[in-house]
Amino acid sequence: MSADTHLPKDAAPGGTELIRFDRVTKRFGAHTVLDALDFTVSAGKHVTLIGPSGSGKTTILRLLMTLLKPDEGTIKVGDAYLTHEEKGGRLIPAGEKHIREVRKNIGMVFQQFNLFPNMKVLRNITEAPVHVLGLGKDEAEERARGLLDLVGLTAHLDKYPTQLSGGQQQRVAIARALAMRPQVLLLDEVTSALDPELVAGVLDVLRDIARTTDITMLCVTHEMSFARDISDDVLMFDAGRVIESGPPEKIFTDPEHERTREFLGAVL
Amino acid sequence: MTGALWELFFKGVWITVQLMVYSAALAAAVAFGVGMARTSRLRVVRFLSGAYVEIFRGTSALVLMFWLFFALPLLGWQLAGLWAGTLALGLSYGAYGSEVVRGALAAVAPAQREAAVALSFTPWQRMRKVLLPQAFPEMMPPFTNLLVELLKGTALASLLSIGELTFEAKLARLSTGESAQVYGIILVLYFVIAFVVTRIMRLVERRAKASVGKAPEPSGGLFSRTPAAAGTAAPAAGGGKP
Amino acid sequence: MNTWSWGYVGDILPDLLKGLGVTVEATVLGSLVSFALGLVWALALRSPSRWVTWPVGAVVEFVRNTPLLVQLFFLFFVLPSWGLTFSPLVTGVIGLGLHYSTYTAEVYRAGIDGVPAGQWEAAVALNLPRRRTWTAVILPQALRRVVPALGNYVIAMFKDTPMLAAITVGDMLFQANTIGATTFDYMEPITVVGALFIVISYPTSLLLRALERRLVR
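Protein chains in written order, with full-length UniProt numbering: chain A, 1 to 268; chain B, 1 to 242; chain C, 1 to 217.
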């Protein structure tokens, strides 16, 4: 375990390690999805995970969001373990309180949006800032309005999610995640559930965010051109392991690994 | 508790079981008759069977029981208490059961009916050879719930002074004054009967499913069959509780 | 052979309607108790601790699988000996509420299970506290789904209220019985009571079916 990860989380300069998976194994029954996986992501980077379905990409995002617990190994975000806490120099499984604290740094946008249908758009966005971060209602609404402006939905803040198109819902979901000001944004196939004509609007918003913020992005997608646009790094997964990684120009034009060539040949 | 009291309780259990079995037999006959009638091609048959269901589901089983026992004699038919109880329970739980039958019949894949039509079965043959055999296993879980409800309903007959379990409990309470003990014991006795009934019905369900080549659902828990939430959770069930 | 007398019906109707008032009162109060208590059971049964789920599950199964009438007798005769003396109506409301809470618990369970997993995940992703997740996200969605099913149990409870007559609550059946005992003519009172049940419960159930089509999609 490297000892040089003690950095103040709000001052993470580019190039510093923000996420570290250390020999993480995840099984579902007899099926091993992730097999002693190691990888790191530096602060501020935009990383895309690609690979055939079932290769464990989404599992990685769900582990980071604490929707799943690893069977073995450790996950570190910033200078704190997500899976464990240190007590008296020993690592013990993380308690709820510790997980909540570390999780504050992470936001996620889901394939199926998962907006709360019982809340209007504005409250979907302000609910967590008010009740988790303790923001005042006015401040949270101001933040929400700013984000709705960013995703181009200011006119819809008083609607229920079901009154919006899928693309609009997903843009609200992006605003909702950003309202928490996370260091890391997880994007789980965010365009897969959308009608083709709505995909571009969502991707444009994400490109915008990637360009104008220093947020770290971890992205699972089948939109290869989008991946090429925004990524600093692309990780190619197969059977629960990273088999190749590098800048998109390299991976997409001159992959080294046979499986990567096969996969790209099939999706491009 | 003395031996005499236990004797009283077991006599009560015996009458309760009899009342349950007779009522269940009547209810089953009503359920299948009315349930099938509701799928009839004839509008008048559908209407009459539908009216039956709404009337007997709409009123209270206890009021019906009182009506059969106290009011019907004034029209010239004197019913013994046991038969008034059987009739009231059978007619009202039959109405609930008919909803189960109707729902299960409606849930058989339309292609099955079409296939039977293509083989030029008569409507009755379609019902008997194709629809009922496939629908029957699906009826078992809601029927099990209904049977437990019916068992609970037999306690109402005590109000007609029929010597079933609840009535014997009343006698026991009057003679001993031990309310907590007496009612505690008979609640447990009812629970045991319900448990046995549930287990027996589970066996029947297993056989019924095996007969149409379906794997039985895994069993577990004490009763494990939670009552279908009336209406929403299981549309075919027609309500786990009257 | 006796014949139906509308004059007699007119004479007894005021008493029966008074009984109807008590019947409705018992139904409304019993429903409120069952809605609240059922939610308690449903939430307790989701506890991660077996020390909670096992006893609660046992109590719920026991109450659901034994007759309401006997439970009413138990409460009526036993509670006073524990120093808890209530009016017959309050005892009846407790009995109805307790009995039906074991059904509403099941309704809530189904409603909560019906909330898509993505809603829980979104709540985790936003780091919402547990209590907030329940009160702001899960329950509002679950309750919407359970309204029709709860309504059906209210109707069922309504039709079970005549049992309260057995513990001397002055409901419709009690009134009809009292009238019959003095006039020796049960035909009209009991028939009218039976008809009143249909007249109230049938339209209500039609209303609920319409509501169900609107709420549960």
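No wet-lab data here; the hints were simulated from the structure. Don't take every hint at face value.
In silico contact screen, one side only, chain A against chain C (beta carbon under 8 Å); selected entries [to be verified]:
no.	residue
1	R103
2	A128
3	Y160
Pairwise CB distance ranges (calculated) [stated by the list, open to error]:
no.	chain 1	residue 1	chain 2	residue 2	range
4	C	S47	A	R90	48 to 54 Å
5	B	A80	C	S47	20 to 26 Å
6	A	D158	B	E54	55 to 61 Å
7	C	K18	B	V192	37 to 43 Å
8	C	G21	B	L119	57 to 63 Å
9	A	H31	C	P203	36 to 42 Å
10	B	A106	A	T154	46 to 52 Å
For every residue, glycine included, the Cβ atom is placed at its ideal position computed from N, Cα and C.
Report the numbers of all earlier hints that the structure fails to satisfy, in ascending order. 3, 4, 5, 6, 9
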